[in-house]
Amino acid sequence: MGLIKMALAGAAGYAFYRYTQNRQKNAPKAAFAVGEGASENFSQVRNAGPEAMRDQPRRWSKTDEASDESFPASDPPSTY
1 MGLIKMALAG AAGYAFYRYT QNRQKNAPKA AFAVGEGASE NFSQVRNAGP
51 EAMRDQPRRW SKTDEASDES FPASDPPSTY
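For the sequence shown, the numbering used here gives the first residue as 1, with consecutive numbering after it.
To be clear, the hints were calculated from the coordinates, so they are not data collected in a lab. All C-beta atoms in this analysis are idealised placements derived from N, C-alpha and C, irrespective of residue type, glycine included. Incorrect hints may appear among the rest.
Stated by the list, open to error - Pairwise CB distance ranges (calculated):
(1) A9 to P72: 41 to 47 Å
(2) N22 to Q44: 51 to 57 Å
(3) A15 to E69: 43 to 49 Å
(4) I4 to G35: 45 to 51 Å
(5) G13 to S78: 52 to 58 Å
(6) G49 to G2: 41 to 47 Å
Please construct the entire structure, taking both the sequences and the accompanying hints into account.
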């Protein structure tokens, strides 16, 4: 009887795991706006600019724009 209970608990745990994994596949990515970023893309780098962000910033200056456009380059933009 104990073996059956353990098997049922394992099956329930596996079903819950599969359920949560399927929900995460459909969830939008944290940094991407709707329609931005391809899930099959390995690098997962979004386009520059506030229109490519999921959450719009309250303020967006030219410095923010230059910094955002320079990513993932290692040297900062020259507009500072």
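Practice task
Output the numbers, in ascending order, of every earlier hint that fails for this structure.
Solution key: Violated hints (numbers, rising): 2, 6; every other hint is consistent with the structure.
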